[in-house]
Amino acid sequence: MRLSLGPNQFYWRRTDINLFYEQMLETPLDVIYLGEVVCGKRDELRAADWIELACALADNSDKQVVLSTLALLESGADFSWVRKVCDNGRLLVEANDMAAVELLAEAGLPFTCGPAINLYNHRAVAQLMTMGMQRWTAPVEMSGHQLGEVLTRLTHKPEVEVLAHGLLPLAYSARCFTARHLGLSKDNCGRRCIEFASGIPLTSQEDQSLFVMNGIQTLSGEPVNLLRQMDSLRTTGVDLLRLSPQVHDMRAVIDAFDRARNGDTDLTLLLLGVDGYWRGQCGFDLIASG
Amino acid sequence: MELVCPAGSLPALEAAIDNGADAVYIGFRDETNARHFGGLNFDERRAQQALAKIRARGRRLFVAINTYARPDRFSRWQSAVDRAVDLGADAVILADIGLMDYAAERYPDLALHLSVQASATSAAALSFYRRNFGIRRAVLPRVLSLKQVQQLARTSPVELEVFGFGSLCIMAEGRCHLSSYVTGESPNMNGVCSPAKAVEWQPTPAGLDARLNGVLIDRFGAGENAGYPTLCKGRFVADDRTGHALEEPVSLNSMALLPALCAAGIKAIKIEGRQRSPSYVAQVVRTWREAIDRLARGGEFHIDPRWADTLSRNSEGKQTTLGAYERPWQ
Amino acid sequence: MRMHSNVLRTGFRLGVTVAKRLPSRPLELAAVTMLNRQLAEELIAGEFDFLDGRQLDIAVTDLGLQLRIGKRAASLVALPRAKPECRADATIAACAADFLAIVSGREDPDTLFFQRRLTISGDTELGLTAKNRLDAIDRGRIPPALQRAIRAMAESLAPRVA
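Chains as they are written, first to last, in full-length UniProt numbering: chain Z, 1 to 290; chain F, 1 to 330; chain Y, 1 to 162.
Just chain Z, same shape as in the assembly (with noise of 0.2 Å):
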């Protein structure tokens, strides 16, 4: 199995970004993902500046590395980002948006579809393959069940990634929840997601970890964590693992499922977190103790 750095959610600075992707490189990983997916006005790095980033990781490692895109899209500057990204020439797109789809697959583009696509079933994979998806995250609230009945479905399987690891992106709205907790307008925002690296908890009025607000995203409140499920994921057929970008810890959670890719799985590294929908429950479940 490979191991996949999703696209980073947050807003980070630049410098941070810079040397976050730095240590990455001297990972296990195979696979790195990067671009802004989340808001079109974050500007610490702008289209063209992750392309050159990109390429710049592609130059120096054998990782991987493939371009995100956004995955919403209101405005034409949103739309314009999308096109430059799909336009970069060189390295793989990972389609967040039916937009993106659209232009890779009328360039005759291969592409991959990340987890805001909805795509649930065999027919619409299968499809989406003979327009050029290669590889395919599912969407995050599917169970494994339902994941290996749409394989088992299908003649021609793409590769097949899960989001192992991480807050779950669970929602896009209009509005963005970070500047309505500051008390900003989205227009006079100020950027201050940046303030933010790891999002806002939001939690019940009975202390209960609920969400975590992130600019227009919603993520859920407690990461996914699939170590203890390593082997129904690979009897499902899922090709590659994603682990999805903290500004803490990132080095132990790559380490913790790098092990356990190669039969030693040890659950006391990480945090439990949760794995409801893997197991076609709540997605909020916890992991079972024990």
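Just to be clear, a hint being listed does not mean it is correct.
Stated by the list, open to error - Computed beta-carbon distance windows for the label pairs:
1) Pro80(Y) / Glu206(Z): 33 to 43 Å
2) Glu300(F) / Ser185(Z): 25 to 35 Å
3) Glu206(Z) / Tyr107(F): 43 to 53 Å
4) Arg327(F) / Arg259(Z): 16 to 26 Å
5) Pro305(F) / Ala77(Z): 31 to 41 Å
6) Val77(Y) / Gly243(F): 38 to 48 Å
7) Ala222(F) / Arg87(Y): 42 to 52 Å
Claimed, not checked - In the DSSO-like style, the derived pairs of lysine-lysine whose C-alpha atoms are separated by at most 27 Å in a straight line are:
8) Lys84(Z) / Lys63(Z)
9) Lys53(F) / Lys147(F)
10) Lys71(Y) / Lys267(F)
11) Lys84(Z) / Lys41(Z)
12) Lys84(Z) / Lys147(F)
13) Lys147(F) / Lys41(Z)
14) Lys53(F) / Lys267(F)
15) Lys63(Z) / Lys157(Z)
To be verified - According to the in silico footprint, chain F covers these stretches of chain Y (three or more CB under 8 Å from chain F):
16) 50–62
17) 96–107
18) 111–125
It is worth saying that the hints were derived from the structure and are not from the lab.
Cβ coordinates follow ideal geometry from the N, Cα and C atoms, glycine included.
Use these hints to put chains F and Y onto chain Z, whose structure you have.
Then chains F and Y, alone, in the frame of chain Z:
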């Protein structure tokens, strides 16, 4: 502009027709539609009665098959398309690419409308569905501002339908998993958001607690208006501050934008609410009929206070908002 | 009209007072007989099968009336309450005027619900399914005289500031 109205039952459909709907959209009684709630929707017999009423009054009937088909039960979604065709529906409203592929291949003449659940927000995305499946119309998600709707209307390869009134989804439709994260059931897979079986209202000495699968969504004081515990409208805590961190219980009302939407070339206005009563449908449809007719007569368009009052009375929390159409909301 | 409405209001209040003192069992049986007559078509079509083996309470709060409904074969039945503390699977509660407003189509049940004038407790899905099913009843089949009476009562009892 075509006024497209919801019906979860035959009396609601009659109410829509009687009060001036140009088209009515319905769903079958299973998880193939995004309002898969107990006691709602149409079996075969009811659907036929619905069509007879529609035809007798010269209106149009759309069938929403707008959830994502499960691989192991794909035939159920396929059969929903077959049933809509056999019924003689004027269009089906689809979100799933697999199902669109089936419908376009099997029934090349069937009018396909792209559901809001497909969340297409750009001309390129619309063109994807147009090129591959020949969709004729798309319902735009409630995440675009008026300016963005206007821009899209200029370049869209298909006719556009936008939301006029109803429950406000603040997330891009079809791209929200909040419900399945907490309850295991989602709009995409199960046709439900915050399903009733997970809802519990608990009276407390201080008022009323609303829970969803055990999670405290909101706590209402005595006499305070209470909403359905939808996750995006709960009162949560961020940085020690308790409040509606995502959204308040309000309804969307874009009536003030009617002239602008019409001028932009928007072909249809959708009223949300297949889960609501015939009384809601009657009041809301009548109000929008009057507004659209007044606009069509020309002259200055202004909102009759009676209309605003009726719409507000039928709203969640008695409040309405322009939602994402208006930048400050975002 | 004002006069008429006042008479109706007074009549209704009197009815409320009287109803509170009536033995409830005959009222319940009469109500269920009427429901079975009105809903014959839906019952045969299986549209009330969600009540099989379940108990639903309809509580008219200001009258102190509580009708416990179940279903046997293709009929609704008024279930006796062995003990007051024995709870139904779900309870729908509102005052008489609000129930009348719903039945007459004057008010949307969700609106009343948001204002907490209509409450659903216990199994929410059962309660909401019942609400949706009742909404789907063809009011045209209610005898015209009864329809008129319900409408007149509902209108006269509607709050002045709506």
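Checked hints:
1. At about 39 Å, the CB distance of proline 80(Y) to glutamate 206(Z) agrees with the hint of 33 to 43 Å.
2. In this structure the supplied range 25 to 35 Å holds for glutamate 300(F) paired with serine 185(Z), their Cβ-Cβ distance being about 30 Å.
3. Evaluation of the 43 to 53 Å hint for glutamate 206(Z) and tyrosine 107(F) yields a pass: the beta carbon distance comes to about 51 Å.
4. Judged by the Cβ atoms, the range 16 to 26 Å given for arginine 327(F) and arginine 259(Z) is violated: they are separated by roughly 49 Å.
5. A hinted range of 31 to 41 Å for the beta carbons of proline 305(F) and alanine 77(Z) is consistent with their spacing of about 39 Å.
6. For the pair valine 77(Y) and glycine 243(F), the supplied restraint of 38 to 48 Å holds, since their beta-carbon distance comes to about 47 Å.
7. Roughly 22 Å separates the CB atoms of alanine 222(F) and arginine 87(Y), a value that falls outside the hinted 42 to 52 Å.
8. Distance restraint check for lysine 84(Z) and lysine 63(Z): the Cα-Cα separation of roughly 22 Å lies within the 27 Å cut-off, and the hinted pair is therefore satisfied.
9. Between the alpha carbons of lysine 53(F) and lysine 147(F) the distance comes to roughly 38 Å, so the proposed pair goes past 27 Å and is violated.
10. At roughly 47 Å between alpha-carbon atoms, lysine 71(Y) and lysine 267(F) are farther apart than 27 Å, so this suggested pair is violated.
11. Our distance criterion of 27 Å between C-alpha atoms is met by lysine 84(Z) and lysine 41(Z), whose separation comes to about 15 Å.
12. At most 27 Å may separate the alpha-carbon atoms for a hinted pair to count; lysine 84(Z) and lysine 147(F) meet this at roughly 23 Å.
13. Of the supplied pair hints, the one linking lysine 147(F) and lysine 41(Z) holds, its CA atoms being roughly 17 Å apart against a limit of 27 Å.
14. Of the pairs offered as hints, the one joining lysine 53(F) and lysine 267(F) holds, with about 24 Å between alpha carbons and a cut-off of 27 Å not exceeded.
15. Note on lysine 63(Z) and lysine 157(Z): the hinted pairing holds, with a Cα-Cα distance of about 23 Å set against a maximum of 27 Å.
16. Evaluation of the coverage hint for the segment 50–62 of chain Y: breached, as 1 residues show C-beta separations to chain F shorter than 8 Å, against a requirement of three.
17. Coverage of the segment 96–107 of chain Y by chain F holds [criterion: at least 3 residues with CB-CB distance below 8 Å; count 4].
18. With 11 residues carrying a beta carbon less than 8 Å from a beta carbon of chain F, the segment 111–125 of chain Y meets the three-residue requirement, and the given coverage holds.
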